[in-house]
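Place chain G with the ligands on chain S using the hints.
Chains as they are written, first to last, in our numbering: chain S, 1 to 510; chain G, 511 to 851.
Please keep in mind that the hints were generated in silico from the structure rather than gathered at the bench. Be aware that one or more of the hints could be misleading.
[As the list claims (entries may be wrong)] With beta-carbon atoms standing in for the labels, derived distance ranges:
id, chain 1, residue 1, chain 2, residue 2, range
1, G, Thr566, S, Arg375, 16 to 26 Å
2, G, Leu543, S, Asp64, 16 to 26 Å
3, G, Gln839, S, Glu232, 39 to 49 Å
4, S, Ala78, G, Thr566, 47 to 57 Å
5, G, Arg686, S, Ala346, 51 to 61 Å
6, G, Ser620, S, Asp149, 19 to 29 Å
7, S, Pro311, G, Lys570, 57 to 67 Å
8, S, Gly239, G, Leu543, 50 to 60 Å
[What the hints assert, rightly or not] Here are the simulated DSS-like cross-link-like pairs (lysine-lysine), alpha carbons at most 25 Å apart as the crow flies:
id, chain 1, residue 1, chain 2, residue 2
9, G, Lys793, S, Lys345
10, S, Lys377, G, Lys793
11, S, Lys438, S, Lys419
12, S, Lys419, S, Lys377
13, G, Lys532, G, Lys793
14, S, Lys38, S, Lys73
Each residue gets a CB set at the ideal place from its N, CA and C atoms; glycine is no exception.
The lines below spell out each chain.
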Amino acid sequence: MTRSDDWPRASLNARGITKNFTGVRALAGVDLDLPTGKVTALMGENGAGKSTLLKILSGDYQPDEGTIEIGGKAVTFATPFDSRAAGLRVIAQEPEIVPFVSVAENIYVGALPGSRGIVSQRQLQDRARADLERFGFERFLDPATRGIDLSPAQRQMVEIVRALIGDPQVICFDEPTSSLSDSETGVLFDLIVRLRDEGRAVGYVSHRMREIFQIADTVTILRDGRLIGSREIRDTSVGEVVRMMVGRDLSTMFERNRHELGEVALELEAVSTDDVTDISLTVRRGEVVALAGLVGAGRTELALAIAGDRPVTAGTIKVHGVAQRFRSPADSIAAGIGLAPEERKADALIMVRSVRDNIALAVLGGLSRFGVVDRRKERQLAEKYIAQLRIRTPSMAQLMQNLSGGNQQKVVLARWLAKATDVLILDEPTRGVDVGAKAEIYAIVDELAANGVAVLVISSELPEVLGLADRIIVMQEGRVTGELTHAEATEERILTLAIADHFSAEGVQP
Amino acid sequence: MSTTVVHEIPTTPEVARANAFKRTVLAVGVQNLSLILAIAVLVVAIGSQNSAFFLTSNLKTIGTAVTISGLLALVQTVVIIMGGIDLAVGSIAGLASVTSAMIFTSAGSSASFFGALAIGAVCGLVSGCIVVFGRVTPMIATLAGLIAFKGVAQLVSNGRAQGYTGADPFYVFLARGSIIGIPTLIWVLVLMALLIHFVLRYTRVGRNIYAVGGNDTAARLSGININRYILGVFILAGTVAALAGILITARTGSGQPVSGSEGLEFQSITAAALGGVALRGGKGSIGGTILAVILLGVLLNGMSLLGVNPFWQNVAQGTLLVAAVIIQQLRNGERRVGLPK
Ligand SMILES: Nc1ncnc2c1ncn2[C@@H]1O[C@H](COP(=O)(O)OP(=O)(O)OP(=O)(O)O)[C@@H](O)[C@H]1O
Ligand SMILES: [Mg+2]
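For reference, chain S alone in the conformation it holds in the complex (with noise of 0.2 Å):
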C-alpha cells in the first residue's frame, strides 16, 4: 500500500455493499479494498456473493447501500459505462461474444476504428493483431476468427483484451481460468503480473487454492453475503482460507476408493469424426477413466459424438458390446449414455426456467404417467438432489439465470445423476465449483462408480485428473497420444503427452 504514492493510480475502496434479490441477500454490508499494484483474491463458496460484488462494482447492479471509492472520490454507476469511465473494468464470468463477426470487431465492440464512420477492415486487423501481440495473446487468436467459432478459452481472451484496451485503473477477473488450460493460464498469469507491477489495482476471483497463493497478494473471504476478513497470502494458509470460506475444517484432500471393474461398458474402435482421427478406448463399469490435454485437442468433439451429437465417420461405438449408430443424442440416451456438457449456458441450462425444470429434464419420461407429469415425484426429485449437492437457491422454483455460476454447474450434474445412465461422460463437471462441492463432487463420482456406472471425464485440471480417474486417456490434436495407469500418471508425464509431439513437430520450444 506504501507503493500507491509512486504511481499516478488509483485504488478501490468499497464500503458497506449491500444488495438483496427477490428473497435472497446477496450481499450484506460488505467492504473492498482493491489497493494499487496488489493482486487481491475474493473467494468463497458458490453463491457467496463474489459475481454479484463484482456486478456493482461495474456498474450492472445497482446497490441498495454502500459506498464506493475510486483514488479517494466518491463514485456511483449508474451503468456499465459510467464503471468504465471511472477507469474501472470488470472481466465477467461468461462474456458476452457476438457471433457472426470477427475477433477484431468482437474486441473494438462500440469503438471500431476508421475514418467517417467507414470501418476499414485492414486497419482493424492490424489494429487487433499488434493489440494481441501486447497482451502475449497472439498465439491464441487470430482476428479474423468469427466469435462463433471461438472456444471458451478464446472467448476469455476477446473479453480481456477488450479490457485492457481501455487502460483501466482497476481491474477484476470472475473465474478468468474456469475455461483456461494450463498453458493459457500461464499467459493470463504473465499479463496479471504485468498489470500488478505497472501499478494497477487487480481483483481475483478463483475456486482455485493453488492459483490463489500463486498469484495473488491478499485474500479476502466472503461467505453468505458477508465479509469474513481479509489475509496477506504469506500469512495464511489454504487450510485457513477453506475454514474461513465455509465456516469449518474440511478436508480438500480426496482419494478415491478403487473397486473392482466390472464388463467394458462403453468401447469405442478407430473411431473418426471431423474433429477427432482414429480414436479407440475402453470403459468399464465401475471405472473412471479421464480424457486429459489442452483446450482444443477434441475432447468435447468426441464426447459429443459419443453423445450421438455429431456424425461419427468412420469405426464404431459400442455399448455393452453392441454396436451402436447413433443419429441423435436421444439414442444414445436411450442406449444408455448420459453427457453433461462443458458450455452449461450454451449447451445444457435453459436460462428462463426454473430449477426445477432444468434438473427434471432428461427424466420427464419417468415422471409422467400417460404423460402428465407427476408434480410431487418432480418435487421431490428436485429437492433430493438440490440437498445432495447443496444447490443454493432460495427454492425449487427460481428462475436457472438467478443462481451463481457455481450453483448452476451443479445443477447439470444433477440432471444427469437424476437420469442414471450406465455410462455417464462429464465434461469439466467442476468448472466454477467451490472447494467444498468439488469433493463432493468427486465422492459421488466415486460413489457412481462403486455402483457399477463407467463414467468418463473430461477435466483440464491435472489434479482433478489424478485424484479421480483410473486409468488418464490423453489426446492431442484429434488424436490419443498416450495412455497412463493411474499408478503410473504424474503431471509432468501427462503434459508430456498433452503436447511433446506438437512442439517437436513444428520445432517450436514450449
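Just chain G with the ligands, lined up with the frame of chain S:
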C-alpha cells in the same frame, strides 16, 4: 452441518405482510395483474360512458367477436413459447374457410369440417418441414406461407366467396347456437384454451415445448427429439387456424378466401406479446394470452360502442402493444443499449 443455507431477508410482522402480498403478486404474475387492472380500468371507463356495455347481449358480442382471433392467439402462444413464430395462421384460416364451404357444397357438413381441419394440418406440416428440413427461420418460412396459402385460397375460389352454409344446422349451431346460455363460439374458445393450458402446464409434451424454446441445444442434448416438436407444433397451429376458418365460414354463412382472416396473424402475435409471452421463446402462459385477448376485445367493443372512428382501432391496438412491451422490458431491467433482446 450447515447445508443449503437459504438466506431469507429477516422477517418482522410488516415485512411478513409485505411478503404475503409479494407472494400473491408473484403467484398471479405482475404481467397478469397489470392486464387485469387494464381491463378493469377500461370496463369502468367504457361502462360509465355507455351503460349498454354491461348488457348480457353485449358481453356475448364481445365473447363471440374474440373467439376467432382468440383461437389463433392460443396457438401463436404455443409456437412462440417453442421459440418460433407463425405468420401463416391468418392465411390458413382463409384457405380453410373457402375449402370448408366448397367441400360442404359437394359433401356435406361433417366432411367439410374434417376436410378443412386436414387441410390446415397439411399447411402446418408444410411450414414445419420448410423450417426443419429446409433450415429456413420460422419468420421467413411462414411469411412465405402467409403469401402462398392466401394465393391458394384465391386460386381455388377465384377470389370470390364460396357456397352457402347459412341453412345448415351444424354451421348455424357453431355460429349462433348456445349451450346452457353460453354461445357455442365462446365454448370453443374456452375449451381450446383449457386444453392447451393443460398440455403446456401439466404434461411432458408441454414442458418439452418450453425447453425447446428456452434452449434448443440443451433440449436436444437432454434427449428431446426437437424436430418432432417443431413439426407437431406447426401442425397444431395449422389445425387450430383451420378451426378458426370454419368458424369464419359459419359466422358469415359462406367461405371467405381473404376477408375475415386477413391480418389475424398480427392480431394473434399482438395478443401473445401483450400476454407476456417472450418472443425469444421459453416463457409465457395461456392465462396471459387469454387476458390479452379479453383486453383487446373490450377495447375494440368499447370503441365501437362509443362511436369512435373504426380506423382508430388499429392505432389503439398498435399503441397498446408497444406500451405493454416497453413496460415489460423496463421491468426486466433491460439495459438501454443496442438491439433489445
Ligand atoms: N439476478 C439475481 N436474482 C436473484 N438472485 C440472485 C441474482 N443474482 C445472484 N443471485 C443470488 O445471489 C447469491 C450470490 O450470487 P453470486 O453470483 O454473487 O455468487 P458467487 O459468489 O459469484 O458464486 P459462484 O462461485 O458460484 O460464481 C446467490 O445466492 C444467487 O443465487
Ligand atoms: Mg460467480
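These are the hints, each one checked on the structure:
Here the CB-CB span from Thr566 (chain G) to Arg375 (chain S) is close to 39 Å, at odds with the stated 16 to 26 Å. At roughly 24 Å, the beta carbons of Leu543 (chain G) and Asp64 (chain S) sit within the given window of 16 to 26 Å. Look at Gln839 (chain G) against Glu232 (chain S): about 46 Å separates their beta carbons, and that is inside 39 to 49 Å. About 53 Å separates the C-beta atoms of Ala78 (chain S) and Thr566 (chain G), a value consistent with the hinted range of 47 to 57 Å.
Distance hint check: the CB atoms of Arg686 (chain G) and Ala346 (chain S) are about 54 Å apart, consistent with the given range 51 to 61 Å. At roughly 56 Å, the beta carbons of Ser620 (chain G) and Asp149 (chain S) sit outside the given window of 19 to 29 Å. For Pro311 (chain S) and Lys570 (chain G), the hinted distance range of 57 to 67 Å is satisfied, since their beta carbons lie about 58 Å from each other. Taking the beta carbon of each, Gly239 (chain S) and Leu543 (chain G) are about 52 Å apart, inside 50 to 60 Å as hinted.
This hinted pair checks out: Lys793 (chain G) and Lys345 (chain S) have alpha carbons roughly 17 Å apart, not beyond 25 Å. At roughly 23 Å between alpha-carbon atoms, Lys377 (chain S) and Lys793 (chain G) fall within 25 Å of each other, so this suggested pair holds. Distance hint between Lys438 (chain S) and Lys419 (chain S) is fulfilled; the C-alpha atoms sit about 21 Å from each other, no more than 25 Å. Using a Cα cut-off of 25 Å, the hinted pair Lys419 (chain S) and Lys377 (chain S) holds, with the two alpha carbons roughly 14 Å apart.
At most 25 Å may separate the alpha-carbon atoms for a hinted pair to count; Lys532 (chain G) and Lys793 (chain G) meet this at roughly 21 Å. At roughly 20 Å between alpha-carbon atoms, Lys38 (chain S) and Lys73 (chain S) fall within 25 Å of each other, so this suggested pair holds.
Taken one by one, the earlier hints fail for this structure at numbers 1 and 6, listed in ascending order.
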